[in-house]
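Trainee: Take a look at the letters that make up each chain.
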Amino acid sequence: MAGAAAGLPSKEAAILKGHEGAVLAVRFNKDGKYCLSCGKDRSLRLWNPHKGIHIKTYNGHARDVRDVAVSSDNSKLSSCGGDRQLLYWDVSSGRIIRKFQGHDAEINSVKFNEYAAALISGGGDRSVRAWDCRSNRFDPIQVIDTFKDSVTSVQLTKTEIIAGSVDGTVRTFDIRNGREIVDDLGQSVNSVALSYDEGCILASCLDSTIRLLDRASGEQLQEYKGHENKAFKMDSCLTNTDAHVVSGSEDGRVFYWDLVDGVLVKSFKAHAAVVTSVSYHPTESCMLTSSVDGTIRMWKT
Amino acid sequence: MAGDDESVCVYYGTPLVSEVELNPRKRKAALDQGKACQVAPWNQEVTDSEGRRRFHGAFSGGFSAGYYNTVGSKEGWAPTAFTSSRQSRADKKSQAAYDFMDEDEKAEYDAKNLEVRSDFDTFGSTAAEYARRQAAKEIGDRPSAIPGPLIDEIIVPVNESTGVKLLRLMGWRGGRQIGPKHIAAASGAKREARKAMMSLAQNESSSKILPGTEESLAVGEDGQLADEEDFDIEVPTATPNFVMNPKKDLYGLGFDPFKDAPEFRERKRAREEDRSGHGGWRGHALALKRPSLFRPNAGKMGAGFGIGALEDLGDEDEDVYDQGMEFEVQELEDDDKPPEKPQKLLLEDPLHKGSTLPGFHLAKEPPKKKPWFSPPIIPKNFSFVHIFNNPLCSERLQDRPAPPAAQPPDDPEQCKYIEGLASFVAKSGPRLEEISKEKQKENPMFGFLFGGPGHDYYVRRLWEEEQKLVKDGKQQIQIDNAQNEKAGKQSNFSSRLAANERGRMLGEIPLPKGPASAQRLDSPVASMVGADDRARLQSALSSTFTSTSSAGESAGNFQPFKNDLAKQSRFEQFLKGKTTGGLWKPVSGGSGLSEAERSQEIFEFETIARMQQEGLTPDKRSHLNAPGKPVPELVAVMGSRFTAAGIETTTTLAEAAVGKELVLRELVKKYPIREENSWRPAPLLCKRFDLLDPFAGKAPPLPKPRSRTESFILLTNPVESNLELRHPPSQANFTQKSVIQDPKISESDERYGEELEQINEKIEPIPERPVDLYKAIFSDDSDDDDELAEPAQLSAHAGDAMKRAEAANTALNRLVAGDFLESLGKELGLEVPEITRPTGDRAEVKERDGGLGRSKNNDEYRRGESKLQSSAPVEVARDQRGFSMRHEKSPLGRQLHKNGTVVEDVYRRDSQQSSRGKVLQSDTNEALFGVKTRRLDVPDAPRRWGDDTSSARHTATGKEAKVSHVPSTVSRYDDTESESDSDKEKALAKQIRREERRLKREKEKRKHKHRKNHSSDKSGKTKKEKSREKERHHHRKRKRQRTESSSGTSSP
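Quick note, the sequences are listed as chains A and B, same order.
For the first sequence, this note's numbering begins at 1 and goes up steadily by one.
For the second sequence, this note's numbering begins at 1 and goes up steadily by one.
Think of the hints as simulated: they come from the structure by calculation, not from any bench.
Where hints are given, some of them may not hold.
[Stated by the list, open to error] Derived SDA-like pairs: lysine to any residue, alpha-carbon spacing no greater than 20 Å straight-line:
1. B:K687 to A:D167
2. B:K687 to A:R179
3. A:K148 to B:R674
4. B:K137 to A:D167
5. A:K148 to B:N677
6. A:K158 to B:F695
7. B:K687 to A:S43
8. A:K158 to B:P683
9. B:K990 to A:I97
10. B:K670 to A:G178
11. B:K687 to A:A14
12. A:K158 to A:F138
13. B:K698 to A:N177
14. B:K687 to A:T157
15. B:K670 to A:I181
16. B:K471 to B:P366
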């Protein structure tokens, strides 16, 4: 166990300062060279965390930016936030290509699909909407409104849309089979993450518990407790090896659990305030955390 | 016409209308000349005797106005500007008789009344008035420190008028009335006395009068003071001597509270007088008298606090801010006057009477006082606590020390008396004892009352009885919560239905308690109610109440698993867990049962418990344990709902389902709970995700109807499809399942084919669509292929039909090209946009046997043949199993069966997708598409789209024929378009083809005739069908004729 814990990033490698106010989300891009962050200061920021450089700022949102997604070819960005807008950005020029309006409430989460052909967003209006990036349509391709409460998090696989909601459900919409699979967890789901093998869903709930669900059967495989998550929207994720579960905590700490045993492996104080987002590097053992204290920190072993 | 002087002249013709008529002046002249009759009546004018025009305006007949005969002005009648009197409506207009007088009357009036000119003013008042007015005017002009006429009023004009001077010379003194003195002379001694009084009053009120003025009496502004009537003779009010009236109240400057109620003014003044030093003047004293009479609460209000909201003031002019106390003067305090006089005045004088409130008089007798009783005197030793008797006084009684036990008297009679009386007295109180003491004074048997023999026993007995009563009372109070303890010994309450018994009967869960409930089943009520009744009661009421514990407990008594003690114990545990509520925890794993066994067992327990709850008696329950024996009642009940199943225990399917669900619920019991629903992704979403639309080809969900009518319209289609699907239920289900939802079946071709064949035999014929609908669509535009064109009728009008067929051909060529492209694209793995296909209903009819179903109409048959001739070997997609499938574009899954002919509607596809040309290759639909692609491989196949015949024969095997149904509107449009396009281009080719076709048709005719004879015998066609076909045939004929006639005109 100690050996496993040793491989986990816990040393601060870089600190990215620039956001004025809370940083609400930080995301590695697909290859992990860059990262994007968004925050309450209504801006998106592109960083090179490995060098600690702030590359670009994207301003355009009218309110706090809650989530950001990068297309797999790194050419497009999309961000969403409290202004109920989904902005579709061109990375290099920093211009807004399109504004998707249609959500009736704040948008909590946005994701690109595999080829950045569509955007999937989930928001406080209890809906998940799919937007078309290819055509000039401004209205959503589809609105999924089976949720009973606001949608906090959206994840995509190649064929499925997975969304967690405050109504306590994680819903998987299988596009290929035309099925909706509802996994009722009984607790408000704060964020949904996928394992790298896409066999499991990691759902962090507002009862300070992270639950690991088997996607095939819908069974709960493990619970992870110890951190504090009762009021804030926080991310959790799996390490790139799928061996550990990472989550922030409202007390500014970061927790590592063993995926299988559910044992708390490691925890350390990462930030002065709530850790809002964690993003694990896709290949290396490297992690980014963002916090309400306005900083983004990169952690390495 | 003509005057007398002109009578000699003879006029011919109509005289010219001279300008006389046109010019009004001249017309007038003409009128004078008596030519009025020539003027139309509306042109005539009215004149007066002097020849003046009489009427003006308003079409010359209206108003008599203007110049001399007018309202008097030169302008005539000129309306004045309207001035609204609205603002001045409230202004009072004082009118006097003088205003209404005529001039002569006025003159008369003036002559009668003397007027005083100001410079000869007798009294000086007018002069003063005049001067004052002048002053006021001046004040208005010049600004002054003190606004208003005050200063000028103070400064009295100095000059005296001539009249005053004269009067003074005559001995008049200012302030005196001018007039005869006879009244004064007649007054006599009374007046003398008054004079004396007046002089006194003058002395007293001299402070109020300015020293410069001679006038001495303070007189009110209006001279109608009642009590001064007597003085009026000597003190005229006519002289407006200026009296200084210093402001003593706190009203605003110029505010006169008594403006509209002068009668109160005097009262006020009287009060002031009284305050300043009462007793002075009699008149004031008199005035004082009045307020106290009609205003009893005068001056009682709190001084200095203003008027409260609740204080009802008699008069609003009351000086609220009076300072100090007031008191009423009840009596007249004058002593130098006899008291009768003023009192008489007070009571009888009508003027005085009027000064009371109008409509009231003074009461003759004072109102009677109501008697007032003083509160009773409470005795000093009175205690405020009321002591009740039984049972509230029980404590007291209980506290009473017990009298010593005594032996009952020897006499049993007396003993009985004693006991009886004691119990009575205990119940009714000691009063009874006294009564009986009174009554039974003489009776020796009641000697115990008076201390005789047996008294001790009586006392003791009485005490005992009282104790008993007290206890009973207590218990009665405690009856609800202390039921169990006394249930055994207190027999007198057992007759009532206790709460817990009632609850048990109703199946309620009792409150948690000790083990006392063990004997409950033996309790009187429970024993009274029969077991069956109880069960019935419980079952009847169990729906309204939570599950019973008694059932659980009685189940504890009942042992369904007597032979397996471990199991029995588990069952009990299960029941306990169930009744205690909450989540049921699985029986500990120590039993060595596997998971499956355990769940099986739990299910069993559940079932038994349920049965028990519903009140099955043990003997009935025993059926449960004996597998294979159905519970008769249950089977009877459930049999109607469920078909028999292969489950060995007949605990019924319903029970099983419900029980299983419950057990599952309990086993699952915690999150996460998984559910699966159908969800339809948008086609575009699938596209963007690079996925095949799983719902491609299925009817799109109905858009939400925006209005009622819309929903109605939209609903018709599915309903129709449902109706069509409904025919043989099993069949419908099967096809739906196999075709749309269940890909497994279609995957295994072999099974599918078999099943289909089985089904085909079952299918009943479905009435065809009304023919004329699509005939109306298709026969018009000759969408038929040339080979398929109706030969019989066409022979007559070959030329036109040829043309049409030609056009259709071109259209079909397009389709063929499209299809070819598609198939090519398929081979190359590319997506080719599909040419828009007809969207109407189509179905393929396969005929098993060539011999069957051939009794069709001549031309239909022909067509079928001709089609087959032209494209038979390649056209029809078939598979080895002897049936072919076709891509069906109608939204309705349709199956037709005709004469053993199955029209298999294989696949539905919405037109949207087909137009998009998406070739679906999802594995689920592979089997279907295998067929489809095969069809697509055939370049000629789409010809059938244009075919409106209902039968076609497939000759490749000689076994089957195809009936292609219902071509579409789209093809029709294509055709019409193509007609215009290709008409000229193919003009040459037509000629050649026509010849060929004619030859062919001849051939076909012959063939067809032959076949008709052959098949009509064999075909099992009903008369009905035949007639329908005939009808169709007729229709077509008519239609064709019509179209031909129309096209004959247009086509060259």
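Trainee: Decide, hint by hint, whether the structure agrees.
Mentor: Okay, the hints, checked on the actual structure:
1. B:K687 to A:D167: At roughly 30 Å apart (the allowed maximum being 20 Å), A:D167 and B:K687 break the hint.
2. B:K687 to A:R179: 17 Å, holds
3. A:K148 to B:R674: Holds - the C-alpha atoms of B:R674 and A:K148 are around 16 Å apart, at most 20 Å.
4. B:K137 to A:D167: At roughly 90 Å apart (the allowed maximum being 20 Å), A:D167 and B:K137 break the hint.
5. A:K148 to B:N677: 15 Å, holds
6. A:K158 to B:F695: 18 Å, holds
7. B:K687 to A:S43: Outside the cut-off at roughly 32 Å; violated.
8. A:K158 to B:P683: 16 Å, holds
9. B:K990 to A:I97: 58 Å, violated
10. B:K670 to A:G178: Violated: B:K670 and A:G178 sit about 27 Å apart, past 20 Å.
11. B:K687 to A:A14: 41 Å, violated
12. A:K158 to A:F138: Violated, at roughly 23 Å.
13. B:K698 to A:N177: 14 Å, holds
14. B:K687 to A:T157: 15 Å, holds
15. B:K670 to A:I181: Holds: B:K670 and A:I181 sit about 17 Å apart, inside 20 Å.
16. B:K471 to B:P366: 66 Å, violated
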